[in-house]
Structures are given as C-alpha cells and as structure tokens.
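> One letter stands for each residue in the lines below.
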Amino acid sequence: MALEFAAARETRAWLRARLWDRPDQALPYLLLAPSVAMMLAIVVYPMAQGFYYGFTNGTLIRPGAFVGLQNYAMLLGYSDFWNAVTFSVVFALANVAGCYSFGLALAVLLNLDLPGRGFFRTALLLPWIIPSIVAIVSWRWMIADENAIANRLITAFGLGPIFFLSDSRWAVVSVIVIKIWRSFPFMMLSLLAALQGIDQSLYEAAEMDGASRRQAFFHVTLPQLKDISIVLCLLMTIWTVNDFDTPWLLTQGGPANATENLILLAYRYTFGRNNVGLGSATSFITLIILMVLVVFLLRRQRER
Amino acid sequence: MSRAMKPARRWGLFGLLAAIVVVVNLPVILMILNSLQTTEQLMTARTLLPTHPTLANFYYLSGRTSFWTYLRNSMIVSGGCAALSVVLAALAGYALSRFRGGFLSVYARLLFVVQMFPIILALIPLFVLFRNLDLINNPLSVIILYTVFQLPFATWMARSFFDTIPRDLEEAAMVDGCSRFRILVRIVLPLSGPGIAAISIFSFLFSYNEFFVANIFLRDESAMTLPVGITMFMQQYSTDWGSLMAAATVTLIPTFLLFLGVQKYIAYGAVGSGLKG
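Chains as they are written, first to last, in my numbering: chain A, 1 to 304; chain B, 305 to 581.
Just so you know, the hints here were simulated from the structure itself, not pulled from any lab data.
Just so we're clear, the structure is a prediction, and the values are computed from it rather than from any experiment.
We put the CB at the ideal spot given by N, CA and C, even for glycine.
The reader is advised that the hints may include incorrect statements.
Simulated restraints on C-beta separations [stated by the list, open to error]:
{"hint": "1", "chain 1": "B", "residue 1": "Trp315", "chain 2": "A", "residue 2": "Arg273", "range": "54 to 60 Å"}
{"hint": "2", "chain 1": "B", "residue 1": "Val479", "chain 2": "A", "residue 2": "Phe119", "range": "44 to 50 Å"}
{"hint": "3", "chain 1": "B", "residue 1": "Asp438", "chain 2": "A", "residue 2": "Asp227", "range": "46 to 52 Å"}
{"hint": "4", "chain 1": "A", "residue 1": "Ala33", "chain 2": "B", "residue 2": "Leu359", "range": "37 to 43 Å"}
{"hint": "5", "chain 1": "B", "residue 1": "Gly319", "chain 2": "A", "residue 2": "Phe217", "range": "17 to 23 Å"}
On the chain A side, residues computed to face chain B include the following (Cβ under 8 Å) [claimed, not checked]:
{"hint": "6", "residue": "Leu60"}
{"hint": "7", "residue": "Leu109"}
{"hint": "8", "residue": "Leu112"}
{"hint": "9", "residue": "Asp113"}
{"hint": "10", "residue": "Ala123"}
{"hint": "11", "residue": "Trp141"}
{"hint": "12", "residue": "Met142"}
Simulated coverage check for chain B against chain A, where a stretch passes if three residues somewhere in it have a Cβ under 8 Å from a Cβ of chain A [said to hold, decoys possible]:
{"hint": "13", "region": "310-324"}
{"hint": "14", "region": "440-452"}
Here chain A stands alone, though its shape is the one from the complex (with noise of 0.2 Å):
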C-alpha cells in the first residue's frame, strides 16, 4: 500500500518535471510568439524609432537630416519645456498627495462594517471607470465660465465669479482636482484590499495592550499599509506624468500654457507644430525621467 503511494508520487514527479520544468520545450516560445512580435512591432522598434527622430528635423510628411544634439539644446533653452517640467511635476505631486489621502480615507471607511458598503464601494468607483470624456464633459459643465453652476453658487453667497478655465492659477487647481477626482477610486479599492488583508491579530493585540482606534490606526493600520502605499504613489505618479487626457480635454494646456504637461508639449510640437524632431525629444526626456520612477519601483517590488 505505501509502496503503492510512493510509486505513486514518483510517477507524478516525474510527469510533472516531463510537463512543465523542462528548458527546452517549444510549446512556451510559440504561445509567446504573436505577443513578442507585436510588442516588438508596435512598442520596442517604434521607441527606439523615436529615439532617433530625437536627433533628426524632419516633418511628419517629410523625413529629416541627422541633427544631432540640436533640439535637446533648443529644448533646454526654451520657458515651454521648463513650464512643462514644472507642471508635470506639481501636476504629479499634487494629484498623488490628494488622491493617496482621500482613497486612504474612504477605504479605512469602507473597511468598517457599515450597511451598504458594497454599493458605497461600487458607485465609488465610478469616477474612474467611465470615459475621460465623459468625466470632463460633466466638469466643464460645472465651471466652464461666469454662468456656470459653481459661479453661481459662488456669486449667491456675494462673491466674484472665478474664472476656473481662464485664469491661469485656478486652471491649474481645476486640472489637478479633476485628476484627483478621477484617480482616488484606484487608491480606495487598492488600500480597502490592503485593509483586508491585515492580520486581525495585530489589532486584538493591540486592543489588549489599551490602544485607541487612534493609535491603532497610527501604529498598526499606517505601518502595514507602507509598502504598498510607496508602490502605489510611484505607480500613480508614473500614470499622472503620463496623462493627456485630463488637461488637454479640459483646458488644451491654457490659458498660456499654464496646465501643459510633457506629454501635452510633445503632442504640440509634433502635430501642432510638426516638428517630429522636437516633438520626439521632448517625448524621450519625459522617458527618462519615468524611468528613474520605474527604476525604484522595481527595487520596491524586489525587496517586497
């Protein structure tokens, strides 16, 4: 009988080093294949592509002539780019700051058990999930000039109407609170599962030790939220360094420039402008400076 089961699992030993550990079956490189070759196709060549255009002045109908390092130097020179910089990163920093604190919040809320919650936690979501378009329709409806329902609201209580679009400062705080809107959803469902996933022990423990809910939170809830909150804020700040949608749609990166983000300038020189070259620097700078945030994402993940 035990022979039996012993033979047994030598058998499925065996078949198991047979079926999927050996390192020179085909059957993983072909189901690889069509993956590997669109990626290859459509992201890798077209990026290194890019790269090169970087070092070129062609047109979008037009190839151009080698260059060399003159439309870095000419973007190093330009306000644009260091506006772009600047906005990028305030953009950034803001909308992670804002959307990390209040998912934080409303996810520690949803973790309590409270009568309703999973229809709080669905229509929570929606923000995030309907169309950009859409999100920043139902916005500019609301604060697109002096006659619109927020100015309303505004001048009711005996103040002057402000100008959320057209004024260079509050254009800005537009665009940031929109992408907050529309980025706390992923924070909220990412932390409540975080939430979740903490030893329930730690708190009797620290029940048991006299903590309040208050220090509870700042001493066990915070702690074991770490990890996961730097790899979410580096993923988020990855995501919003890269948007277009939010301010292009909303403001077109106006008035004067004043919400244009790397991604929005790239967009302009290259088929505003149709300078490929500048368009094509400006778009691998911004490649840089990800990388740098990906690079400790990936240090992050390994440690975790």
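With chain A fixed as given, assemble chain B onto it according to the hints.
Frame of chain A, contents of chain B only:
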C-alpha cells in the same frame, strides 16, 4: 475591525459615506439630469433639477449629428480589440502561468515596464508609418495599437486565471496521450470561460473609453470613435451643452453596464500592475 461600533456612531458614519457618494458623483448626476434640458433651458435655468424634462437633445443627436457613426466606429474598434487581445493574452498568459524560464521572466518584466512608457514616443514614428501605409482613419490602426497597449493588463489577468486552475487535469490528459496544445484548447480554455469573458470585456472597455490614441489616428469625422467625436460638440465659443450632455450620457451607458458585469474580476488585473508579488 474587531470591536463593535455603537449604533449612533455606525449610522453617523453611514450618513457621512452616503453624503460623500452623492457629492463625488454629483458631476455625473447633474450631467445626466441636464441632458433632459435643451441648451436654451440650461442657459436660463434657475434650479438644479430640470423643470420641463425633454428628450429633444436625444432626438437631435440621433437625427442631425454623426452620433450613430461614432457609435458604430466605437463598436468596431472595441470589438476588434477585444477579440484580438483575448487570443494573444490567453496564449501568452498560459505560457507565463505554466512554464518557467529565463525568457519568460524577461518578457513578464518587459510587460510590466512597458505600461509605464510615455506612448507618445512610439506614436510619432507609428503615425509616420501608418500614414505611409494609408492606415490613418482606418479602424485597423487603432485596433492594433489598443491591443498592444493593453496587452500587459490582459496577459497578467489571463495568467492569474490560469494560476487558479489546478494542473492535475492537464497531467491526466498528458498521460492519456493528449498533445500539449490540445490540452490548452480542449481542457484549460473551456474551464477558464469566465476569465476569458472578463478579459475581453476589459479590453472592450479600454478601447471604448480611450481618447489619446484615437485622437491622433482617427482624424476624419467618418472614422472617429465616440470619445473623439464628442469633442466635435465642444467647440470653444459655441458649446452646444444640450447635445454634448446627451452624447456623454449615452456614451456612459455601455461603460457602466459592462463594468458592473466585470467588477469582481478587477483583482486579477491588479496583479498585473505589480500590486501583488
């Protein structure tokens, strides 16, 4: 949390959460309500809620604008992308789930990193290429681009589904002399039906919602998908708010319904964003 809440505190927090839900969703709620008012009514309205609801905007949208063309284009693009990416993701996801090897982990890492790249760097050369191939304004161009851009998410999702299917069945079939590819097609894929459906719906949603790529590659009004088409209603000086809100409201319906169907599968995709090891 282990400790029980007092009823007053519990209902107080419930009220707070309910209020937050209403405030957060207010822009969308108002948009839907306002789609029932004409632009003139909107400009002169004194109240938040429509006093004389009308379907005029929707009739106008249906009869006088290119709305149906946009919707048809959106369906072609999203359907095409869903079909293509589910095939690619299922094959690659199975390889990543079942086999180990240096190349596989390099590819997995590449998938993760690719999602972080600013895609405009690739879009510029692709625009030049597609222009030469006469693929601008062709739905095929965006179908290919969408499929590749959301391949990381779809592949990771497929991989996590396959991870949940025990290997014993495949091993038994192997003993019976079934070929490996047949094992995948005949045994594994039928078992992962819900997963396959979820992947195609997420791919559909991604394409249906996407604006940036469509905005670059679909420039002709007859080729535009809904998100790009809607910007046609948004001219800077004469926004036709009534039609705009009606168009946005109708656009929202498929997104909303499909999302309700797949929301429980979101956790599988989260693995792909690297949130879990």
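> Hints first: check each against the structure and report whether it holds.
A quick look at each hint next to the structure:
Remark: the range hint 54 to 60 Å for Trp315 of chain B to Arg273 of chain A is upheld by a beta-carbon distance near 59 Å. Remark: the range hint 44 to 50 Å for Val479 of chain B to Phe119 of chain A is upheld by a beta-carbon distance near 49 Å. A C-beta distance of roughly 50 Å is found between Asp438 of chain B and Asp227 of chain A, which places it inside the suggested range of 46 to 52 Å. Ala33 of chain A and Leu359 of chain B have their C-beta atoms about 52 Å apart, which leaves the hinted 37 to 43 Å range violated.
For the pair Gly319 of chain B and Phe217 of chain A, the beta carbons lie near 21 Å from each other, so the given range of 17 to 23 Å is met. Hint on Leu60 of chain A holds. Least Cβ distance to chain B is approximately 6 Å, under the 8 Å limit. Restraint check, Leu109 of chain A versus chain B: the minimum CB separation of about 5 Å is within 8 Å; hint holds. Among the interface hints, the one on Leu112 of chain A holds; its C-beta lies about 6 Å from the nearest C-beta in chain B, closer than the 8 Å criterion.
Using the Cβ-Cβ criterion of 8 Å, the hint placing Asp113 of chain A at the interface with chain B is satisfied: the shortest such distance is roughly 7 Å. Restraint check, Ala123 of chain A versus chain B: the minimum CB separation of about 5 Å is within 8 Å; hint holds. The beta carbon of Trp141 of chain A comes within 6 Å of a beta carbon in chain B, closer than 8 Å, and the hint placing it at the interface holds. For Met142 of chain A, the interface hint holds, since its Cβ comes within 8 Å of a Cβ in chain B; the closest pair sits about 6 Å apart.
For the region 310-324 of chain B, the assignment as covered by chain A holds, since 7 residues bring a beta-carbon within under 8 Å of that chain's beta-carbons and 3 suffice. Residues of the region 440-452 of chain B with a Cβ under 8 Å from some Cβ of chain A number 4, which satisfies the need for three, so the listed coverage holds.
The structure shown violates just one earlier hint, number 4.
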